[in-house]
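Visitor: The residues making up each chain are set out below.
Number of protein chains: 8
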Amino acid sequence: MNEDTLRLLLQGIKQRDVSVEEGIERLKVLPFEDLGFAKVDYHRNIRQGFSEVIYCAGKTTEQIVAIAEKLAERGGGNILGTRADSEVYQAVRERIPDAEYNALAHLIMIKRGKQEDRGNILVLSAGTSDLPVAEEAALTAEMMGNHVERVYDTGVAGIHRLLSQTDKLSQARVIVVVAGMEGALASVVGGLVDKPVIAVPTSVGYGASFGGLAALLAMLNSCASGVSVVNIDNGFGAGYQAGLINRLGEN
Amino acid sequence: MNEDTLRLLLQGIKQRDVSVEEGIERLKVLPFEDLGFAKVDYHRNIRQGFSEVIYCAGKTTEQIVAIAEKLAERGGGNILGTRADSEVYQAVRERIPDAEYNALAHLIMIKRGKQEDRGNILVLSAGTSDLPVAEEAALTAEMMGNHVERVYDTGVAGIHRLLSQTDKLSQARVIVVVAGMEGALASVVGGLVDKPVIAVPTSVGYGASFGGLAALLAMLNSCASGVSVVNIDNGFGAGYQAGLINRLGEN
Amino acid sequence: MNEDTLRLLLQGIKQRDVSVEEGIERLKVLPFEDLGFAKVDYHRNIRQGFSEVIYCAGKTTEQIVAIAEKLAERGGGNILGTRADSEVYQAVRERIPDAEYNALAHLIMIKRGKQEDRGNILVLSAGTSDLPVAEEAALTAEMMGNHVERVYDTGVAGIHRLLSQTDKLSQARVIVVVAGMEGALASVVGGLVDKPVIAVPTSVGYGASFGGLAALLAMLNSCASGVSVVNIDNGFGAGYQAGLINRLGEN
Amino acid sequence: MNEDTLRLLLQGIKQRDVSVEEGIERLKVLPFEDLGFAKVDYHRNIRQGFSEVIYCAGKTTEQIVAIAEKLAERGGGNILGTRADSEVYQAVRERIPDAEYNALAHLIMIKRGKQEDRGNILVLSAGTSDLPVAEEAALTAEMMGNHVERVYDTGVAGIHRLLSQTDKLSQARVIVVVAGMEGALASVVGGLVDKPVIAVPTSVGYGASFGGLAALLAMLNSCASGVSVVNIDNGFGAGYQAGLINRLGEN
Amino acid sequence: MNEDTLRLLLQGIKQRDVSVEEGIERLKVLPFEDLGFAKVDYHRNIRQGFSEVIYCAGKTTEQIVAIAEKLAERGGGNILGTRADSEVYQAVRERIPDAEYNALAHLIMIKRGKQEDRGNILVLSAGTSDLPVAEEAALTAEMMGNHVERVYDTGVAGIHRLLSQTDKLSQARVIVVVAGMEGALASVVGGLVDKPVIAVPTSVGYGASFGGLAALLAMLNSCASGVSVVNIDNGFGAGYQAGLINRLGEN
Amino acid sequence: MNEDTLRLLLQGIKQRDVSVEEGIERLKVLPFEDLGFAKVDYHRNIRQGFSEVIYCAGKTTEQIVAIAEKLAERGGGNILGTRADSEVYQAVRERIPDAEYNALAHLIMIKRGKQEDRGNILVLSAGTSDLPVAEEAALTAEMMGNHVERVYDTGVAGIHRLLSQTDKLSQARVIVVVAGMEGALASVVGGLVDKPVIAVPTSVGYGASFGGLAALLAMLNSCASGVSVVNIDNGFGAGYQAGLINRLGEN
Amino acid sequence: MNEDTLRLLLQGIKQRDVSVEEGIERLKVLPFEDLGFAKVDYHRNIRQGFSEVIYCAGKTTEQIVAIAEKLAERGGGNILGTRADSEVYQAVRERIPDAEYNALAHLIMIKRGKQEDRGNILVLSAGTSDLPVAEEAALTAEMMGNHVERVYDTGVAGIHRLLSQTDKLSQARVIVVVAGMEGALASVVGGLVDKPVIAVPTSVGYGASFGGLAALLAMLNSCASGVSVVNIDNGFGAGYQAGLINRLGEN
Amino acid sequence: MNEDTLRLLLQGIKQRDVSVEEGIERLKVLPFEDLGFAKVDYHRNIRQGFSEVIYCAGKTTEQIVAIAEKLAERGGGNILGTRADSEVYQAVRERIPDAEYNALAHLIMIKRGKQEDRGNILVLSAGTSDLPVAEEAALTAEMMGNHVERVYDTGVAGIHRLLSQTDKLSQARVIVVVAGMEGALASVVGGLVDKPVIAVPTSVGYGASFGGLAALLAMLNSCASGVSVVNIDNGFGAGYQAGLINRLGEN
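Chains as they are written, first to last, in the numbering used here: chain A, 1 to 251; chain B, 1 to 251; chain C, 1 to 251; chain D, 1 to 251; chain E, 1 to 251; chain F, 1 to 251; chain G, 1 to 251; chain H, 1 to 251.
In isolation and in its complexed conformation, chain A is listed as follows (with noise of 0.2 Å):
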């Protein structure tokens, strides 16, 4: 049932061809195709910050290019773009001249959208070799209008490091950990802190890591409360949630 059938039928009613017990039963099983949910979707990307975000890990250049391009002409909001390599820059940039491309993060980047500047999210890594998933997290915060501060270096194993940063730990809203091999730093902010902290285990590491495992079941199993998780490396996911977490207090 598409809009026009939708039409037929109340104007049915409205010359009272159809009559309202009738309108009811049909409208009761109108399939779900027919409820417009792009304005739905069209809502929601406009208050995100982003019109979509392209994963472009398994998807061909080709694909990606005409993601990107069809979601830059319909416009309204910044696009990002995750895991794409040079090359996939590249050939966005020949048809969106003002991508920009973050190398260690490995994000595409079409601002688009406003810019805001809010709050404080700090995002913390445990080591050097951490900052890609660490910058993804971060810029993909920022593209969603949010100040980010950035802590890189402090694993536990130099606790000082970290204790130093009390002044951004107490000035943040929300804290993302970034952190591989044993991810303890994420317990140890946990309860430093009383405020939302997004734990991101990542795969580096090598042996009884296993792939990011270590990370991960050791932030499940935080003894400090207020410490949640998302994926092995998903810089993305713990930024994007950082994002709405903080969205939630300037309203």
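Read the hints as simulated data drawn from the structure, not as lab findings.
Warning: the hint list may mix true and false statements.
Unchecked claim - No farther apart than 20 Å at their CA atoms in a straight line, the calculated lysine to any residue pairs in the SDA-like style are these:
#1 F:14 - G:17
#2 F:14 - G:70
#3 E:14 - C:12
#4 C:14 - E:17
#5 D:70 - F:152
#6 G:14 - F:128
#7 G:70 - H:161
#8 F:14 - G:12
#9 C:70 - G:153
#10 H:14 - D:158
#11 B:70 - D:158
#12 B:168 - E:5
#13 C:70 - G:158
#14 C:14 - E:6
#15 A:70 - C:158
#16 F:168 - A:160
#17 E:168 - H:21
#18 E:14 - C:20
#19 F:14 - G:24
#20 A:111 - A:52
#21 C:14 - E:25
#22 H:70 - A:152
#23 A:14 - B:26
#24 C:14 - E:5
#25 A:70 - C:152
#26 D:14 - H:21
#27 D:70 - F:128
#28 F:14 - G:5
#29 H:14 - D:21
Let chain A serve as the given structure and place chains B, C, D, E, F, G and H on it in line with the hints.
Guide: Quick look at chains B, C, D, E, F, G and H alone, frame taken from chain A:
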């Protein structure tokens, strides 16, 4: 928007207090909840031969009795209670005297639908210890109106026992294979027939069976085509899937 | 005991050189190999619409070409080569010029059987990256003589895209659901329909998807009845199983 | 260095027995233990609405009673005892008569803080068996001064039950999703809303659910953005995280 | 096709009612079930020294007694019941008075075959807790007519205890090694001898032994050649395999 | 070759009945068993402060009592019984009246060696539920003649509790860290000190702790150097290893 | 204590400079290293038909050539290099011109021992992709002097192919079964014969085969008695074990 | 609060502008960052013999060179770069000409501290393929000023090679055992000595070694006391732990 609100809207259109276009706009965002899904469910239940299935594990006896009573009052179909112990059954029977119980399969059966006897589903099991799961599958399929043949104790260590059942293999339209330990029976049967095989790994075994994992993985990796798999010990799921498939033949 | 030996034995009985009881004794231990199994196979192939399926992974190009040629010469049915790269296809086409290739699904198709167009199988996939597996399923089912509808990119994160396809859901007789990541699509579809759903987990994802394990476990634990599961990325297996099921309806 | 030692040092400076530079040197190595952390803790507790949470599993009844009494005497906030059985509760109530107990959620609640009623947290659960975990989450959030809406039994196998709750979905500021088996509810909800979703996998299920692992992995691999995850059955952790997030909106 | 049908067919040929060619055609599709497999089985049982082995776990006492009686009546070989508790044994002994029981190994033994005393099988176990599995292996081998030497409590942490048994190591023809924890004994023994070693991992251990997984993996990865492995705690399987091997030497 | 045989050989050489070269040849193949290993063991026991350790789990009370008596009669060192319940202890004490018992750590202690008091071993534990394992470690080390400091309940969620113990951290020569859940304490302690840390994961936790696996993996992946790990819940092993290490300092 | 020291001691006894008792004392602590173990090894090698096996994976070409040369010079037996690529072989052949190579099985063979032809070992494999492992097993057994029958491509999906080989099954003394995917062949063969079956899981498969884990677990859980298992892809180990077993029959 | 702020506060007290009690209050909340942690670190580095260790995996060459230069300028200790390839080394050597490289162990060594030669650490390895990890351990310990003995290629399959090294076993103060495959060497060595054994599982192996998991689990489950374990392939960690332990003996 409930039915009354919808009636008011349509009456407004009928009485020309509301324009057709305004009606379209309002119906476009018509919330899901007002669409009378129960009706869809109703149809669905009738067609499937069950008004509902109650998974009893993890529910209190009181909860189960209450759900069973409500479903029985609504009428119109068989009711199946899976993973029910005899104590639960006693409580159910006090309220629903015609409730039956199969202790081996841990099933409560309340037969209210018309009894059909459709085609042939064959349930094969590898060992004596697999019987409870096999019976759960067989009784579930029977409750859905299927004729079920049972061939038990045909493990691959005595391949001739299976091979001596070629008649039943060839007469069946769908085959459910129930096996624990190494679960090889599914592959052997899948290689002998060209009909859908639904494989049920069981937790029968010890040590490196890891609670049915060995049989599950074996069945998923079957070298025979035409085998799909349900959860470990999920006799109900296999019987139900077999019943859905078998119904296709009669339309 | 080959056919000649059997003939000699029966002629011996006919000529009364061999007693009936002696013949019974000898036939009782008649070795399996002499029973003309090829005939059984022959029937089986004809009925299934395939003379054989060649799983190309782990075989050399030479082996694949040799098998394909032998099957093509034998005639009588379609031949399918799964997990074939384009180099293998080139080698096959040199010998079998009418061999076709689908690069996305990595399938070599040699169409020799009569082309049927049976019922409706619906192949749903969750994301763009799941397309190769979905196409493998769809093409396999088509090769078996089924009419296949494809609805791609209907992941549960945009549930309306799925809900807008209720027509196709209701017209299908069997549904193949292809999804990676959390594999939730299988449960949602299983809850919407009362027909057999064959779920294919894919290895699409990263981190804690553990190569498709997350989707596999989710599908096996589906809270919806009527879902059975094949191996990770096994599009062929799902399409084949769907084809077997769909054939039931026509007899 | 305790407070007395510090006083002596400062008095020495005041009386010019100790030079300023010497004081700096001594304070630079001021051991951690002397810094009055309790005060920090004190502030923290006040702000969170809990003076402390007692994880009762693995503690003796005596230990739990002793800790509860000490916390109750200190005053200033609510006290929560998680995973407490009724026997433990009886022992606690003998000493703290206003202690309350929720048997379903296994929570002891000692309400001493001021009762707030902040915003809206929505707790969704998939099945009846998930109720204990869902209630643990809801009550925890309520104890922290949040208004909690509960929508239970909305598993994805009956997607309409969820879709009929769009009002509550849109009114909530934070959503807790509790689901066992395949855990698909988190992804579906995450796709419908643009607010933070905290997902709690439960150990509800059998076979290849592996004690909640299936739901956990599914939630971590959610194709919907905005979903973060806590440990299996960790209703407290989800409620607490939701409470921390919801508090952001009021400052 | 049973024996009577076969007789009719052959008589038809004899009486020239049926042509030889027609007989060939019919016999070609002769179903498996008619081939007198029991005879094959009969031979097999005689040769192995067991008429049958009853795996008692997961069977009811009634089932076990019934099977044991039937086997005992058939005669001709020893009967072994594995994983039987004493209650089951009492029930069996009421019907079969000469049934014996070994409580440590949980074995019911009904000795009916002729007692042989073949070669030397050595059963080594690492620790006191491995004794039940070791005895299951030893008694199984003895029931098959083998002479069994036992050397227990020779874990690798006291390597001299093993090294002081070189006589027994050199006199054995086959060696069964039973070890839990790290399962290192299999490798050490495998390195000392040049005869087949059958390794049995046991579930003895805790923590990261994961129910015998550690020992299982260790034994599968043995750096010594000549070691093959059976399931965790499968003393019967090891004893049986050792018995099969040892029999080779006597022909 | 026992001592007598050896004596005969040497007397033969002395009496020139056996040539030196022949003696060399015979001694070259001297079997292992004749080399007086008991003597080596004897020395070893004396030096370690234990005549033997009895791992009581999986042994019968009778076996344990028998072993304990034999060891006690042999004299010369302390005897430790690990994982012993109180019933076992009662039985032991009937025969060995000075046997002591620690119910928390499930240890039977028979002190017969001279009591030393060596250096400082620090045992840290993260939570109250880790106490049994921590005490097992502490008492084991004490039985070996070490002075043990205990600092319990210093989980990383309250990092200041740990940091306030810098004195004890700096005075210890070896540190045992006992922690369940995410096991982060080992990394934090390893980062604060430059002495050997022996980490003991415990099975404290639920859900994705998987019986201590999360803590185990975390500790193995510690980003701090100087941390080595023993089995889950292996307090004895950690205390013993710490004792071996601490003894190095005194020679 | 080397041979010279031993000679001095025995000469001291001969010349009565050393008493017999003193000699006994000194010989009791005779270190292991002086006992001429090489001799033991020498015997062992002769008997096994190999002077040594070189596992080439993880060794440099230089290391492999050096080891091979040393072994070849020592003489007296065949030399086998497993998991060798052709480059390694070229380097070996430059120094040892009669070295042979089997590219499929990745084996270097240097035949120096006398060629025997003992009994019958049957190597069965399930699929074409299992051939490299099957050949590794077969060639290893042949190098040890066994006659090897090969029956390849007998997967259980076409059970008749296996059943048609009953002659070879009955003539073999030991059977090696090589299978990937679900590994069911081992159970089926184990059920057909009463001789030792050595099962080799292979890593052939994808998805939930998890690199051979599915086949490994299936084989360990075989419902047929008489099956023992070696590591995934360990064709050498299976061939070697089969060779050890087969040798028993000839003594 | 930095040093200047602290000085101002103390001068305020000295000049009686600030009361002692006010000073106490302000110092109580003295933030962590101002406490001169660098000093603690400084001491720590000097004592350990390393100014820092650079884990090179996952860092860019530029990052590594920059860190190395900074550390080299600071002076005062040896610098170790682990998991460095030769390309990284070339870049480091351009800036730090006395940097050395061990290609087998992938270590960059910059020797600046005084060279000590303390006690005896024994590094044992099981096979040739374990050499890189063993050398990483040995060189790390040497860089810390320890005398290291190496005994390689002493796998338990040839136990006499190990037993012939009793001298070295008895002379060592700490022993590092490096082994892949089944990792049994750690248990055997742990049973022979009464000194601390640090076990390093390696990823050497295939199939069910699962990247070193088999050896890891075996070592954690060692039946010998006195064995603790580091991560798979973590030669550095073992050498470092051994160095920390060995230093205890000299104070």
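Visitor: Does each hint hold? Answer for all of them.
Guide: The hints, checked one at a time:
no.	hint	result
1	F:14 - G:17	holds (10 Å)
2	F:14 - G:70	violated (41 Å)
3	E:14 - C:12	holds (9 Å)
4	C:14 - E:17	holds (10 Å)
5	D:70 - F:152	holds (18 Å)
6	G:14 - F:128	violated (69 Å)
7	G:70 - H:161	holds (18 Å)
8	F:14 - G:12	holds (9 Å)
9	C:70 - G:153	holds (16 Å)
10	H:14 - D:158	violated (75 Å)
11	B:70 - D:158	holds (18 Å)
12	B:168 - E:5	holds (18 Å)
13	C:70 - G:158	holds (18 Å)
14	C:14 - E:6	holds (14 Å)
15	A:70 - C:158	holds (18 Å)
16	F:168 - A:160	holds (18 Å)
17	E:168 - H:21	violated (82 Å)
18	E:14 - C:20	holds (8 Å)
19	F:14 - G:24	holds (13 Å)
20	A:111 - A:52	holds (12 Å)
21	C:14 - E:25	holds (16 Å)
22	H:70 - A:152	holds (18 Å)
23	A:14 - B:26	holds (15 Å)
24	C:14 - E:5	holds (17 Å)
25	A:70 - C:152	holds (18 Å)
26	D:14 - H:21	holds (11 Å)
27	D:70 - F:128	holds (16 Å)
28	F:14 - G:5	holds (17 Å)
29	H:14 - D:21	holds (11 Å)
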